[in-house]
Structures are given as C-alpha cells and as structure tokens.
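In order, the protein sequences belong to chains A and B.
Counting with numbering that gives the first Met the number 0, you get residues 0 to 92 for the letters of the first sequence.
Counting with numbering that gives the first Met the number 0, you get residues 0 to 558 for the letters of the second sequence.
Label-pair distances were calculated between CB atoms; the ranges are:
{"no.": "1", "chain 1": "B", "residue 1": "V246", "chain 2": "A", "residue 2": "G70", "range": "54 to 60 Å"}
{"no.": "2", "chain 1": "A", "residue 1": "D72", "chain 2": "B", "residue 2": "D92", "range": "27 to 33 Å"}
{"no.": "3", "chain 1": "B", "residue 1": "P424", "chain 2": "A", "residue 2": "A79", "range": "55 to 61 Å"}
{"no.": "4", "chain 1": "B", "residue 1": "G110", "chain 2": "A", "residue 2": "E71", "range": "30 to 36 Å"}
{"no.": "5", "chain 1": "A", "residue 1": "D72", "chain 2": "B", "residue 2": "A95", "range": "29 to 35 Å"}
{"no.": "6", "chain 1": "A", "residue 1": "E5", "chain 2": "B", "residue 2": "E25", "range": "43 to 49 Å"}
{"no.": "7", "chain 1": "B", "residue 1": "E408", "chain 2": "A", "residue 2": "E71", "range": "44 to 50 Å"}
{"no.": "8", "chain 1": "A", "residue 1": "E5", "chain 2": "B", "residue 2": "V246", "range": "47 to 53 Å"}
{"no.": "9", "chain 1": "B", "residue 1": "P30", "chain 2": "A", "residue 2": "E5", "range": "48 to 54 Å"}
{"no.": "10", "chain 1": "B", "residue 1": "A453", "chain 2": "A", "residue 2": "E5", "range": "49 to 55 Å"}
{"no.": "11", "chain 1": "B", "residue 1": "H557", "chain 2": "A", "residue 2": "G61", "range": "55 to 61 Å"}
Hint data in this document are derived by calculation from the structure and do not stem from the laboratory.
Bear in mind that the values here come from a model prediction, so they are computed numbers and not experimental data.
All C-beta atoms in this analysis are idealised placements derived from N, C-alpha and C, irrespective of residue type, glycine included.
Listed here are the chains, written in short residue letters.
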Amino acid sequence: MERVVEIVPEAGLHARPAAKFVETANEFDADVTVAPVAEGEDAEAVAASSMIAVTSLGVKHGEEVRLSAEGEDAEAALDALEEVLSTPEEGEE
Amino acid sequence: MRTLTGTGVTPLSGLGRVVWYAEEIELRDPPEPSTVDADAERERFESARETAEADLESERERAEERVGEEEAEVFGAHVQFLNDPQIAEGVEDAIADGLPAEHAVREGFSGPIEQFEGMEGRMAERADDLRDVRDRLLRVLTDAGGTDLADLPEGSILLAERLTPSDTAKLDPDRVAGFATALGGRTSHAAIFARSLGLPAVVGLGDALQEIEDGSEIVVDGESGEVIVEPDDAVRKRAAAVRDVEVRREPVATADGREIEVAANLGTLAELDGALEQGADGIGLFRTEFLFLDRESPPDEDEQYETYREALSAFPEGRVVVRTLDVGGDKPIPYLELPDSQNPFLGERGIRRSLGPDAGLFESQLRALLRAAAGEGRLAVMFPLVSTVEELESALETVERVADDLTSEGIEHAGPELGVMIETPGAVLVAEELAARVDFLSIGTNDLAQYVMAAARDDDRVADLHDPLHPPVLRAIARSVEAAHANDAWIGMCGEMAGDPDLTELLVGMELDELSMSAVTIPDVKARIVETDADAAAALAGDALESPTRHAVTNLLHQ
Chain A
0 MERVVEIVPE
10 AGLHARPAAK
20 FVETANEFDA
30 DVTVAPVAEG
40 EDAEAVAASS
50 MIAVTSLGVK
60 HGEEVRLSAE
70 GEDAEAALDA
80 LEEVLSTPEE
90 GEE
Chain B
0 MRTLTGTGVT
10 PLSGLGRVVW
20 YAEEIELRDP
30 PEPSTVDADA
40 ERERFESARE
50 TAEADLESER
60 ERAEERVGEE
70 EAEVFGAHVQ
80 FLNDPQIAEG
90 VEDAIADGLP
100 AEHAVREGFS
110 GPIEQFEGME
120 GRMAERADDL
130 RDVRDRLLRV
140 LTDAGGTDLA
150 DLPEGSILLA
160 ERLTPSDTAK
170 LDPDRVAGFA
180 TALGGRTSHA
190 AIFARSLGLP
200 AVVGLGDALQ
210 EIEDGSEIVV
220 DGESGEVIVE
230 PDDAVRKRAA
240 AVRDVEVRRE
250 PVATADGREI
260 EVAANLGTLA
270 ELDGALEQGA
280 DGIGLFRTEF
290 LFLDRESPPD
300 EDEQYETYRE
310 ALSAFPEGRV
320 VVRTLDVGGD
330 KPIPYLELPD
340 SQNPFLGERG
350 IRRSLGPDAG
360 LFESQLRALL
370 RAAAGEGRLA
380 VMFPLVSTVE
390 ELESALETVE
400 RVADDLTSEG
410 IEHAGPELGV
420 MIETPGAVLV
430 AEELAARVDF
440 LSIGTNDLAQ
450 YVMAAARDDD
460 RVADLHDPLH
470 PPVLRAIARS
480 VEAAHANDAW
490 IGMCGEMAGD
500 PDLTELLVGM
510 ELDELSMSAV
520 TIPDVKARIV
530 ETDADAAAAL
540 AGDALESPTR
550 HAVTNLLHQ
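Let the sequences and hints guide you as you build the complete structure.
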C-alpha cells in the first residue's frame with residue numbers, strides 16, 4: 000500500500016516534525032517506509048521507525064515523499080502519518 | 000595574566016576557577032569476548048536506555064521552565080534518537096560480537112554520527128545531538144560519567160570543546176560563574192541558553208582554550224569576548240563587581256522624579272524570561288529578523304502573530320516595540336537572495352528592502368502585527384534605516400492598506416503606535432518631519448555612529464571613530480530628541496550606548512524618554528537612573544554637547 004504526501008511543516012522532515020513522524024510510525028504494527036519522490040523511483044526507501052534514517056533524507060517543506068506500508072494496520076498507519084505530514088506545526092498555518 | 004579572544008554571547012562577566020568538562024568519556028579496553036555474558040550486557044543496555052529516557056523527559060520539563068518550550072523540544076528528538084532501531088541494531092551486533100554494553104554503544108553510534116558529520120548546515124548539527132545521546136548512555140553505563148554538570152563547585156567556570164543543549168541547560172546560574180567553549184557561535188544553542196540563564200559566556204575561542212589548566216583562575220567577559228587567565232587584582236575586582244546590583248521590577252525615576260522607561264532588546268522569545276528577571280519595563284527593540292534566520296522559508300503570518308502575542312503577554316503593563324524585518328548589510332538570509340553589494344551597509348537593507356523586493360514579507364509581517372495589536376498589551380512598530388520622508392510615507396501607506404484589507408476581510412486588528420529608527424544622518428536632518436508623522440523615534444546608536452562617522456562597524460582599523468561619544472554623534476542624538484519633543488513624540492535609544500551605565504546620566508540629561516538594552520545591563524542602568532539628579536544631568540549634557548572633541552566629552556564624564 001502506497002501513498003504520496005507533500006510535507007507541510009516549515010521545518011521539513013527535520014527535528015520536531017521528524018520526531019513526531021517517527022513516534023507515530025512506531026504506534027503501528029505495520030512496516031512503513033518513506034522515500035523522497037524528487038529522487039525518482041530508484042530513491043532508497045528508509046524505515047519510518049528510525050529517526051536517524053528519516054532525518055537523513057533531508058526532505059524539505061513543499062517536497063513530496065512516498066509512504067509504503069505493509070501489515071494489518073497499514074491503512075491506519077498511512078492515514079496517521081499523512082495527517083502528521085500535512086499538519087502545520089503549532090504557529091504555522 | 001593572559002588574554003584569549005572569542006565571541007562574547009552575554010554582556011556579563013564572571014570570575015571563577017576552571018573546571019574542564021571531560022566530554023569524551025574514556026572507556027577501558029574491552030575484556031576478551033569469551034568472558035562477556037551477552038545476555039547480561041543486553042540487559043545492561045536496555046536498562047541504561049530506560050534510565051536515559053527518563054532523564055531526558057525530566058530534563059525536557061526542566062528546560063521548559065528555565066529556557067522555554069521551543070528550546071526544550073530538542074530533547075524530544077533526543078528521545079527518538081535514543082530509541083532508534085538503527086542504533087539498537089548496531090548495539091545488538093556489537094554485543095553479539097562479544098563487546099560489553101558501553102563499547103557496543105560507542106560502536107552503534109559511530110556510523111550514524113559520521114553520516115551526519117558529512118552533511119551540511121542543520122544536518123551536521125544532528126551529529127551533535129547523536130553525540131549528546133551517546134554520551135548520556137555512556138555516563139549511565141560507566142558510572143565514572145565524566146563531569147556532573149548539575150553539581151559543579153560554586154564559583155566554577157566550565158571550559159569545554161563544545162557544549163550541547165542538554166549540557167548547557169543543566170548549568171545552575173547560582174553556582175556556575177560562566178563558561179567558555181572552543182567551538183560555537185553567537186546563535187548556537189549554548190549561546191542562546193547562556194543568554195536565557197544570564198550566564199557569562201564566551202564561545203569560539205579555538206584551540207588556544209586547551210592551554211588553560213584545570214583549577215586556574217579566570218575571568219570570562221561575555222561582553223568583550225575575552226577570557227583572561229590568572230587576572231590581576233584590577234581585572235578580578237571589575238569582574239566580580241557586576242552581579243551585586245539590586246533588580247528593580249518596577250519602573251524607575253530620577254532622584255527628582257522624572258520617569259525613564261528601561262526596556263530590553265531581544266531577538267528570540269527564549270530571551271523573554273531573562274528580560275523579566277532583570278526587571279525590564281518592556282521591550283524596546285524586538286529584532287524580528289531572528290524569526291527569519293536559520294530556516295529554509297519565511298515564517299507565515301500566523302506564526303509571526305503567535306510570536307508577537309507571546310511577547311505582548313509577557314509584558315501586560317509595558318510596551319513592546321517590534322522592529323520590522325531589517326535584513327541586508329551584514330545579515331544574509333538564504334531564501335531572500337540578497338544581492339552582492341560592494342558596500343552592503345550602504346546598499347539595499349532595512350526599509351529599502353521592505354518597500355522593494357521584500358514587499359510581500361513586509362505586508363504579511365504588518366498583517367501579523369496589526370492583528371497582534373488587537374489583544375491586550377501595548378504594541379509599537381518601528382521601521383529600520385529610514386532616511387527620507389518618502390520612505391516613511393510609503394511605509395505608513397502600506398500600514399493603512401493592510402489595515403483596510405483586514406477590515407474588509409473581517410479580521411480583528413488594531414493600530415499599534417508607529418515609529419522610526421534614527422540611524423542615518425539623513426533621518427537626523429529630517430527628524431522634525433519624521434516625528435510629525437509618527438508616535439515615536441528610536442535611536443540606533445551603532446548604525447548612527449557608523450553612518451555619521453563614515454566608519455564601518457566591522458572594520459577594526461576605524462574602530463576609534465566608531466564611538467558615540469564623538470561630538471558629531473552626540474549632536475545628532477540631541478537634534479533627534481529635540482525634533483521628537485517638538486512634535487509630541489517620545490524618543491528612545493536602543494543601541495549599545497543605552498546599556499552602558501557610565502553613560503546613563505548623560506542620556507538622562509539629553510532627555511531620552513526610554514533606554515533599551517541587553518537584559519543583563521538593566522539592573523545597573525536602573526540603579527544609575529535612581530541616583531541621577533535631572534538638573535545635574537542636564538548640565539552635564541549641555542557641557543558635553545558643547546565639547547569639541549571626544550576627549551573633552553570623556554573628561555567630563557570622568558569628573
């Protein structure tokens with residue numbers, strides 16, 4: 000199961016938003032990976048449960064990522080992660 | 000006596016004994032793999048991880064109280080790094096290879112740390128976060144744990160290669176006399192925390208710092224950026240004297256009853272607590288460019304609105320003067336594409352950009368400000384680097400247009416006080432006309448001295464000329480004051496000059512209504528105001544304004 004999502008928080012997938020993203024990914028049993036869309040189909044997907052891996056993608060505000068999930072609660076995981084990525088941080092809108 | 004020079008980050012000085020921060024935790028050589036019980040090591044790692052996580056949570060709470068919520072959130076990211084599966088895997092592999100938990104932790108972090116070290120900018124800062132998390136685990140595991148920062152001997156000055164956010168947040172300003180680091184700049188986490196905590200601090204001292212021995216007596220002067228090793232009596236006395244000043248939380252007046260507003264200059268919300276603690280009556284200069292720096296796109300209207308509201312709610316009684324975006328010159332911002340300029344200080348900066356290439360940003364900033372003005376508190380907005388009446392009129396027209404837009408959109412807003420910074424000789428020469436159109440003027444003495452004396456702020460060879468006590472600068476200030484008062488406008492000063500307690504009497508005599516400065520100098524300046532007699536001050540100012548040379552002015556001040 001896949002979904003492409005645009006990053007809304009100004010800080011990109013970095014520091015606070017990344018921490019929230021990883022925290023959310025870890026709430027589900029599904030295996031979720033994330034890859035930057037800008038780098039094309041070959042971009043390496045990394046585990047959404049790893050702060051190190053997610054941060055090192057360096058994905059910025061306005062860029063898109065492809066989320067892939069496998070497992071029983073895959074759809075719920077994708078919904079929750081999409082919500083995190085499309086919600087501005089407090090103070091942003 | 001020996002002096003090292005770095006970057007001062009707080010205008011405070013401290014005297015104390017050196018405690019070197021043992022940052023790199025040294026591990027003994029690991030035992031033979033066959034003698035290591037892997038299951039027991041796995042358990043040790045797991046329990047260290049739990050302890051570290053609990054510590055991080057309580058530090059986050061403590062930092063929220065002491066330095067502010069936003070700064071404290073760095074610890075949330077640390078928890079995620081601590082629980083990272085990539086780290087756990089690396090540690091597990093090393094334990095399976097027969098290493099004890101502490102060596103395994105060092106192994107598990109080394110790859111990711113190197114990975115981030117090789118990247119640029121904010122990514123490279125993640126390497127510092129990872130080291131911070133690794134060392135936290137190592138301290139729990141080895142127990143030998145290096146220096147306990149929360150329990151330094153009273154009167155110690157911490158020296159370190161670098162300090163992480165959690166290191167700095169642990170320092171107790173009641174016990175620690177200051178810190179100095181080899182790495183780091185004015186805007187590093189350590190510097191920001193130092194300002195919030197009111198700690199004397201110098202960063203960026205380089206390798207020379209290593210030569211200072213544990214236990215030696217030193218002075219850290221966060222104002223001049225100097226670290227003085229084995230100071231003589233005079234230096235020692237001066238450094239120790241700074242903190243003995245009473246903090247006055249209420250507005251003060253001269254001995255004969257003339258009230259002078261004493262406000263704080265600040266750049267980030269993290270500095271609000273410091274300003275309140277030092278007894279600021281309000282904010283005299285909120286430099287909004289820090290909202291725009293260190294990020295990849297500008298803050299939007301709502302984020303700005305929240306920031307201004309927070310500043311206003313910290314001072315329900317006092318005034319908050321917000322300066323609109325002042326970039327260009329020495330303040331580059333990546334996404335604004337500032338042009339290269341041979342003379343950046345004479346180029347497109349301040350209001351010139353707000354009326355030109357940054358008009359969109361200017362408008363959204365004004366929208367946020369007008370909305371913020373509708374709530375409680377007294378908001379004032381001022382425009383930087385104005386030198387003509389036309390510029391001011393365009394800015395005022397933009398304010399009107401923005402207000403009309405908000406009205407037609409049905410968005411609640413109000414009109415803040417409006418003012419102009421007096422920073423150029425041009426502004427001084429039309430100060431009458433400017434003052435007639437606004438509620439207040441505020442003198443930025445650093446830039447005013449630079450432009451009146453035609454001496455660049457950052458050129459050491461002309462540093463002597465860059466002194467506000469030169470008669471041309473004093474007379475420019477006096478002329479601005481006169482122009483303001485003749486037009487029923489109030490006038491403040493928000494440059495370095497305002498925060499120098501040795502000049503307080505002179506400035507009171509020159510009839511400034513407000514003085515704004517780094518929070519830490521507020522208690523000294525308030526103390527001087529209370530001692531000042533307005534008539535004597537007026538006489539001093541009169542003599543100073545008639546003096547032909549800086550030398551003569553300085554002599555008057557020392558009489």
